Amino acid sequence: MSYIEPHAHMVSRTTDDYERLALAGCEALCEPAFWAGFDRSSADGFYDYFRQLTEYEPKRAARYGIKHFCWLCINPKEADDPGFAREVMALIPEFIGRDNVLGIGEIGLNKNTRSELKIFEEHVQIALDYDLPVLIHTPHLEDKLKGTKIILDSLASFSKLDRSKVIIDHVEEHTVAHVLDAGYWAGMTLYPESKCTPNRAIDILEVYGSENIWMNSACDWGVSDPMAVPKCALEMKRRKHTPEMIRKVTYDNPAKFLSQSPRFKL
Amino acid sequence: MLSKKELLDMYFIDARARLIDLAAFLDRLERHEGADDIRLRYLREALPILLEERPDRAKAVLEKFSDHTTELSETAPFQGASGAPVS
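Protein chains in written order, with the numbering used here: chain A, 13 to 278; chain B, 646 to 732.
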C-alpha cells in the first residue's frame with residue numbers, strides 16, 4: 013500500500029529504517045523539529061539541526077524514493093528558557109523558505125509552564141506572520157489533558173488563526189474530542205507504551221470518525237516503531253475496515269492537511 | 646465492523662494475557678520490600694473503572710491518571726512524565 017508518514021524523527025533512525033519504510037509503501041514523510049534526547053547547549057546546535065532537516069535528511073530519504081518534508085521550531089522541552097528559545101527562533105527566518113519546510117512545529121507544551129506557553133504563542137505568531145500551517149505537540153502522560161486544554165485556550169485568543177491549518181498531535185481517548193470539536197485537525201501517535209496502540213487508534217476512528225484525523229509513528233530515539241502506520245493499517249484490515257477507509261486515514265487525510273503548504277508535493 | 650464473537654476470537658487471548666500480566670505485577674509488588682507509592686494508588690483506583698457499565702472506560706482510565714489542576718507552573722519540577730500526577 014502507499015501511505016504518508018506524517019510525523020517521524022528520522023535524525024534518530026538508521027538508514028535501514030528508510031529502507032523498511034520504503035518497502036512498506038511510504039511515499040513521503042514529515043519530520044517536525046523536536047528534542048533530540050538531550051538539551052543542546054547553544055543555538056548553534058539548532059543551526060546544525062535545521063541544516064540536517066533541510067539539507068541532509070531529504071537526500072537520505074531520496075535514496076529510497078521517499079520525499080522528505082520538515083517543520084521548524086524549538087521544541088517545548090527546550091523552550092522553558094525563553095532567552096535561549098528566542099535565540100533559536102531567530103534562526104527560523106533563514107530556513108523557513110527552504111524547499112522542504114512545511115510550517116512551524118512541533119510546538120506546544122511539555123510540563124505546562126508559563127515560559128513554555130509564552131514561547132508557544134510566539135511560535136504561533138510566526139506561523140501567522142508567514143501564513144504557514146502549525147503542528148502542535150501535546151504533553152506526555154499525566155500532563156496531556158491539562159496541556160491540551162491550555163493549548164486550546166491559548167489558540168482561541170488568536171482571532172486570525174485558521175483552525176483548519178492547525179493539527180494537534182498525540183491525541184488519545186481523553187483529548188481527541190476536545191481537539192476535533194474545536195475545529196482543529198487531530199493526530200494519533202502509535203506508540204507501544206505511552207500513547208495509542210494500533211487497536212486503540214482504530215477504536216478512536218470508529219467512535220469519533222475519520223474526518224480531519226491522521227495517524228503517525230512519531231518514531232524517534234525512544235520506544236517507538238517506524239513501521240507503526242503500516243502495522244495499524246494491517247490491523248484495520250483484520251478488523252474489516254475497507255481499503256478506502258484505510259487509504260483515507262493513512263494517505264488522503266495527511267495529503268489533504270499537508271497540501272495546505274504549497275511546498276508539499278507528492 | 647467485526648461482530649462481538651469475531652472480536653473475541655481475535656483478541657480474547659491477548660486481553661487475557663494482559664490482565665494476567667497486570668495481576669502478576671501487583672503480586673510482584675507485594676512480594677518486594679519498600680514504601681508504598683502514589684503511582685500504585687492510582688493504579689488500584691483505576692481498576693474498578695474496568696467493571697463500570699460505560700462506553701468510555703479507556704477515556705476514564707486516562708482521566709484518572711491525569712493532572713486535573715489548571716494553573717501554569719512557574720518552572721518544570723522535573724522534565725519527564727511518570728504516568729500519574731505525583732507532584
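If you're looking for bench data, these hints aren't it; they were derived computationally from the structure.
Check each hint, because a few of them may be wrong.
Taking CB as the label site, the calculated pair distances span [said to hold, decoys possible]: (1) B/Thr-714 to A/Ser-53: 26 to 36 Å; (2) B/Glu-690 to A/Glu-67: 49 to 59 Å; (3) B/Glu-719 to A/Ser-24: 53 to 63 Å.
The calculated lysine-lysine pairs, modelled on DSS-like cross-linking and capped at a C-alpha distance of 27 Å, are [what the hints assert, rightly or not]: (4) A/Lys-277 to B/Lys-649; (5) A/Lys-268 to A/Lys-249; (6) A/Lys-172 to A/Lys-243; (7) A/Lys-260 to A/Lys-249; (8) B/Lys-709 to A/Lys-252; (9) B/Lys-704 to A/Lys-249; (10) A/Lys-249 to B/Lys-650; (11) A/Lys-277 to A/Lys-252.
Model, not experiment: these values are computed from the prediction.
Beta carbons: idealized from backbone N, C-alpha and C, even for Gly.
### Task
Could you tell me which of the numbered hints above are not met by this structure, giving the numbers in increasing order?
Result: hints 3, 4, 6, 8, 11 break, sorted rising.
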